[in-house]
Amino acid sequence: MPSLGTSFGRGGATTFQQDLQNSDCIVIEGSNMAECHPVGFQWVMEAKAKGATVIHVDPRFTRTSALADLHVPLRAGSDIVFLGGIINHVLSEEKYFRDYVLHYTNAATILTEEYRDTEDLDGVFSGLDTEERAYDFHTWQYDGTEMRAASGERDQQYADQTRGGETVRQSARGEAHGSGGAEVGNPVRDETLTHERCVFQVLKRHFARYTAEMVEQICGIPRDTFARVCDALTANSGRDRTSAFVYSVGWTQHTVGAQYIRTASILQALLGNIGRPGGGILALRGHASIQGSTDIPTLFNLLPGYIPMPHARSNTDLDSFVAAESTHKGYWANTRSYLVSLLKAYWGEAATEENDFCFDYLPRLTGSHSTYETVLTQIAGDCEGYFLMGENPAVGSANAKLQRLGMANLKWLVVRDLSLIESATWWRDGPETETGEIRTEDNATEVFFLPAAAHTEKDGSFTNTQRMLQWHHQAVEPPGDARSDLWFTFHLGRRIRQKLADSTNDLDRPILDLAWAYPTKGEIDEPDADAVLAEINGWDANGIPLSSYEQLKTDGSTACGCWIYCGVYAGGVNQAARRKPGGEQNWVAGEWGWAWPANRRILYNRASADLDGKPWSERKALVWWDAEQGRWTGHDVADFVADKSPHYRPDDDARGPRALSGIDPFIMQGDGKAWLFVPAGLTDGPLPAHYEPQDSPFRNLLYRQQRNPVREVTQFVHPDNRLQPSGDEPGSKVFPYVATTYRLTEHHTAGGMSRWLPYLVELQPEFFCEVSPELAAERGLKHIGWATIVSARAAIEARVLVTERMTPLIVQGRRLLQIGLPYHWGPNGYSVGDAANELASVSLDPNSHIQEVKALACDIRPGRRPRGPDRVALVRDYQRRAGITERTGTEM
Amino acid sequence: MGVRQWIEGWPVYRQFAHGDLLGRGAAVKSGASDRLTARTATADKVVKSVCPYCAVGCGQNVYVRDGAVVQVEGDPDSPVSRGRLCPKGSATKQLVAGSGRVTQVLYRRPHGTEWERLDLDTAMDMIADRVIDSRRRGWQWDVDGVRTRRTMGFASLGGATLDNEENYLIKKLFTALGAIQIENQARI
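The listed protein sequences derive, respectively, from chains A and B. Residues in the first sequence are numbered consecutively from 1, following our numbering. Residues in the second sequence are numbered consecutively from 1001, following our numbering.
Next comes chain B alone, as it looks inside the complex (with noise of 0.2 Å):
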């Protein structure tokens, strides 16, 4: 280590020599935290998004880095949040990659006291079953001799952050298939 690198290697000297005279910015970085990088500035892209909390709708950039999300930012551009997140928003992260989400389908059989695993495709074809079943056991073609066409063996309940485009599958298929039961949190 040279002279000039020891003494720059001060932190009063760099207040001074640099105008950072309390000592607030640039002049008290460390090495160790000159050497660090934000995940943002390392990710491969960004990928325009909207926070899936409330409906205020806050714009969000999502970092990648090999085929997994890094950080979640507001996104400055949008005009309803100008790039704010609130704790929900700036904790998305947590809520797409983190330690509570269960990726494996689970099953519990009547009676049964413990989950069970069973394969995606399996349980698929299980619950097609079932729908049919249920289905046909509630079909109401009239109700006091007026027609009905309809099913009241299943029902559906869905959470509002659906995407538009998955209510709109849900109902056209659940209707198709005759059920009215179909509802929605925006009831409640």
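Chain A with its partners taken away, still in its complex shape (with noise of 0.2 Å):
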């Protein structure tokens, strides 16, 4: 969530479901809601109800766009130049929130001389290495500061802010060369906004080019069609009214993925929509605890509670580490405690002030290391085990074949999951050994399969697309060797430390030092959930459980496994499992479940009241200030100081929380403001811009780059993930078509939970795409026929599905037809078809390491794909015909 961390502080959504209700408009874009997300979508039909408008924004015309008031169909990739150009109207129409925008953002704030925008650079921005494929932040900056990012890309400041720490290469992607400094004093600030370089100028002049006609010919969304979304948002955004944006994965998706959510971010910002109810930006998780997965993360990049794990540097410790990270206002000037208390959590009592709290037992990194680098490096033979715990990449990753043959090099593979999914069985009967690519008697892949236990079978939380802990207790036993990942991390580690007991190697230190004391239970031994939730709570020095991250000590006598989640065992007590009905509360429903920060459901909801901490109007009052009291209070907690009053300013050397003023509602930025312009964290540009995906039948009409210049791409260069021309290179009409893929209410992600189920899958037996009508008759495709979809990486089947629900649209002056392919199939299963995500190559966002699936050029053609070595072959001519080698699609 590097997006929506840069822009606010914070990588969550910055509101929550059932309060959307409250909202006058929803644009939904980048997901389909009522299909995929089908309970929640009640409440925008709460909002519909109460005179909402409700607008989708989607290529497809799905369940989502039936129930809402205009659907906008848009050609797959082109959701930047939509926003954008919403917010060149908002710019010139002068339809922002003046006093919010003025205040609550960096607006004011003005930028370096040095800084080049894409309108001086033809595309680009400043700093942008052409070796290195990497930019150089620094001409980004504030005048007379610099900012450190409180997410995203944080390791891009470290030079800086340690005076040197050369790195190893790779790492050093985007990081700080030459100038740069302590983020110290004010950011110089034109209160009038018209400074040339202030940041209100700079995002006109960079938004002017995103006019309603470059809406038309790139996204091919006709302008009477934009004019009315223009005015839907517009009118409902202001003191009295305020709307709301929902997205998911069809923004994330794409090598410029974290920019689309950027531009929402900007957009919501001068309406003046976040931090109120009604307002904000939802993002739309897919999975039980996605953002609980970044939370407490099980990401190369990040420790607990967003802080960033260490790289590779020739003077690594503590000190050098925390002055790097911190900032010097608001609350990550505390990271020393955050992180001390983390180090508490994992090793103990080992962990002193004398050996730096162990800082130096944490592994570093030396460039990325996301799950698609790590499948080159077990292709390369240097990774050579892997665990897969409730994950099917055979299916579910993007080119699912250099997965397979990731796997393929392993030496040892443990499966857990609940039934024999793809990724456990790709040696006996995948695709590779059908075209013969894998022979299995040739294969020397040891694999275990171990069976999961289910939700049912085990207690622990689950934190969901509102960042809400909700607690699950076990009802009954899991079967057989069924166990919870609970069970097989705990007794693994338990195993290994035994083994290594007598060990006096150093590097076997960490693992013996490790705080691994779990209560356990039953005949099973299973660990005891609950004392895992307490330690990721905290305690202190006397075992009291800590219920605020206030608490946090530099001093070693706090232990807290994730800082942002202190507070949700607070008095002892498990605040995840609290089940007040939600009938008996407020729409905020505080005493059900526990949300991070400190239960605060709306974030930034300082905003929410002006200047003086007075409501906007009545009809948007969340929280205020109650000057008799002397604090804070409303419908939710206040995500600002409870006793901060909003008259509070700064004196110039204070510095953490207490430098941020009473008027600056992003208390974990280091000016407090939304960045509308954002000068570090991000590795691909301060301010969004539209590039083509990486795969696309149009040149980019807006910049003479075609591509964003930063994705990651030559990293993946191999032979079964070749890349195809674009836009006018010779080659590109041989993939004249654009896919996108999606899910199904019936069936989830990669299939491993629904394809196994009987009722799911006589509800949706087969795997299909869904074409228009005249892209059957183009074709000669035939409704419920076959046909076969072909990009430069693999060919797979599918029935045909022909709606009129995909919308053919005029881009660029052409008729572009568009296909839909849901991803969630595979060999095995009741319902069984070929992976949506053979099609897509490994080329991804630089700043989130997430690949783009969903713009994809392809082809379709009738009937049945070729079975065996056939089916390699045809791609392989597709491939001749287009004139692939191995460099194109690479070009910067």
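In case anyone wonders, no lab produced these hints; they're calculated from the structure. Remember, it's a predicted structure, so these values are computed and weren't measured experimentally. A couple of the hints might just be wrong.
[What the hints assert, rightly or not] Derived, one-sided and incomplete: chain B residues facing chain A with beta-carbon distance under 10 Å:
#, residue
1, Ser1049
2, Pro1052
3, Asp1075
4, Thr1092
5, Val1096
6, Gly1098
7, Gln1104
8, Trp1115
9, Ser1134
10, Gln1140
11, Thr1161
12, Leu1162
13, Lys1172
14, Asn1184
15, Arg1187
16, Ile1188
[To be verified] Think about it this way: if two alpha-carbon atoms lie no more than 16 Å apart in a straight line, the pair counts; the simulated EDC-like pairs of lysine to aspartate or glutamate are:
#, chain 1, residue 1, chain 2, residue 2
17, A, Lys499, B, Asp1129
18, A, Lys204, A, Glu119
19, B, Lys1045, A, Glu477
20, B, Lys1045, B, Glu1073
21, B, Lys1093, A, Glu477
22, B, Lys1093, A, Glu457
23, A, Lys411, B, Asp1133
24, A, Lys499, B, Asp1121
25, A, Lys48, A, Asp69
26, B, Lys1048, A, Glu457
27, A, Lys499, B, Asp1133
28, A, Lys580, B, Asp1077
29, B, Lys1045, B, Asp1066
30, B, Lys1045, A, Glu457
31, A, Lys499, B, Asp1125
32, A, Lys553, A, Asp540
Backbone N, C-alpha and C define an ideal beta-carbon position, used for all residues, glycine too.
Two chains, two frames, some hints: make the complex.
Structure follows, in structure tokens:
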């Protein structure tokens, strides 16, 4: 979530689902909420029943569109142009919320003289190193002071903040050289918003070319439709009205995905919709605990609570790390207390002041080690063991074949799941055993399949899409050998520690010193999940549970496994297990479960009140300043220091949270403001710019720069990951259509939790592709017949579903036909089919390292795909016809 | 059977006698359906849970009888879901108690063409050995002269239906082992 994080301070949805009922206008884009989050969608319908306008922007007419007031079909991969067009409209027509923009965003802040925009450099920003394909972000900074990022690529500033600290090559991406300095003093502001280098004016110039005409040309959206969206949004934003945005992976899964969300963030900040009831940006996550999996990450680049993993340096120690990662102002100024408390939770007694609290025990990064890089290290033979815990990359990851080739080169593979998913069986009945690329007898991978326990068979918490932790209680014992991942991890650790107990090798110290004594219960010795939650929450020197991250100390007297979750076990009570019925509470329902941080349900809600702390309007009241009590009060827990007056102004030498004033609602940011312009933390630009998808039938009409110049693509050059020519390049017409992948309500992701359920399989029995009657006629496709879809990576087959729902669009004067592909299928289970992810390339967003699967140029032809080696030959034939080489599509 | 019982057994009579004139309610219930009871009514206990599919976070009531899940219903108390479940959530019973689950450890030896059985304890012991070996082989004290203190020998990819507590232990254990290639569906 680098986009919401850099814009507002925290990588999470700014609001909660039930609050959508207070919206006056809801834009759902990059999401088919009615299909994929149907129960949450009831809150959209509540708003509609109260008179709200519901707009759905999507290439396909879906169940969401059917219930919206307006469906806006657009070309997959063009959302930045659409949203940028609205921003241009809001700025040029002066429809922004001026008081909010002036005081709560960085609109007035003046940028350095060195900054050059895409306007000046024909589509790229200043600081682009064309050799390294990385940006040096220094020229994106504020004049007179250097901001540090609250989120995103915080490592890029390491060198500045530690005065040196060489890093190993790759991790130096976007890293600082030359200037820089400490984040001190106050940014220079122009309260009139007229200075030519103030963010507001830069924004105006940047988005000036995102005109209604460009929206029409690039997105395929007629001008009157676009005008209706602009009118609905601006008429429903301001003091008295609020609009909300809802998105999902239709925005994130692009090579410029983080910037899609950034564009919406800028728009919502300009309209004054963040931190207010009925406003916000609701990120809809697709899995029960996706939010939890980034908060307490199993991600290579993060420690719990969004503390970055350390990178390899010549002088890494606790002091230099904290110096680099702390901000001067706001809550990240307390980074040391968060990190020391985490190290105490990890290494307990062994972590002392003298040994830097075992900071040196943390392994260091040397660049990106994302799941896609890991596949390459598997193919290269460097990574020889692999745990898959509830994940099915043989179907669910982009370029699924590459994933299987990685697994086929492992020494050992452990798959923990409910059923025999494709990632466990590729060696006997995968696509490559059919084509002959993998021969079972020749394959040396040792595979362990360990059955997993279901959620009803274990205690634990999920963090839902609105940052709310909810506890699920164990109902029954797991059957047979099935065990929870908690059991597996705990007992694996216990066994490894036993086996290494006599080791004197220094590399074994971290595992032997680990605090790993969890109480277990029952016949199978299941670890007590409650005890783990208590460790996540943290305790003081006397073992008393903490109630707030404000209590965390830098001296090692507190332990806390995830500082943003501190308070979830306040008073020794599992707050995530609270279940006071919704009907007995207000709409915020603060006594159901527990939301981070500090049980606040709408983030940055100080912004729901004006400068004096009064609600902008009675209709949109949420929290306000009670002068008599000297406290913030209201319907939600204030996301602000409870007794900080709106009239408080800090001294110049103040640090940490005290350095932010009473009118700084974005308390994680170093300047307390929402960032319209992001001076640090993003790798591909301080502002969003439209770039075409990696494989696109169109050239970029807005800039000479075709694709995101710093997208991650050159490290993934591989014979099975070929890219395609785009736009006017010769060969691009071989792939004239645009496909987008999506979900169905009756299935779940890569199918591991749905293709083995007879009810669901009966409801959605087969993989299909959805095409318009025009496309069917153009290619001779028959409804219910078969079609073969081909990209430079793969050929897959699907049943044909011909519907009017795939609206043909006029893009750059040409008729564009799009193809919809649900991605739930694979060869196993009660319902089988090809995996749509076979088609996608590994081409990643440089901020999030997420793959582009939402906009793919491809071809489609009638009939089933070839069997055996002929399937590979067909793909090679397409590559030849399109003139594809290993360099195709890798240009900067 | 008495006359009264015989007459009351006639749906048309019940329609008029009980005001269900169009015969859409209790009047047309047969004896067989009258004797049916919901699995929810005969459960030993109801356990509070959360739907494991998408991230809406619908409340679930899990009905248990004789140590087995017999039904999963939406929790009307939940302020988020208000008792509703989608097709997946409604099918949860088949997820947790259905025919598609494998409940035994399976093992494929290198070059093996079929699965073999293995007991859980042996499998855990073998996996622990594999981790220790691969960790050593992939160990890097430094890279290009800069301290890394890590292993590239093994990796992990987790789904996002993992509990927070599970993610916490996974990250803690693998980090202490020096692994950095620890990833999650959240990236995908």
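Practice prompt. Could you check the structure against the hints above and give me the numbers of any it violates, in ascending order?
Written response: Failing hints: none at all.
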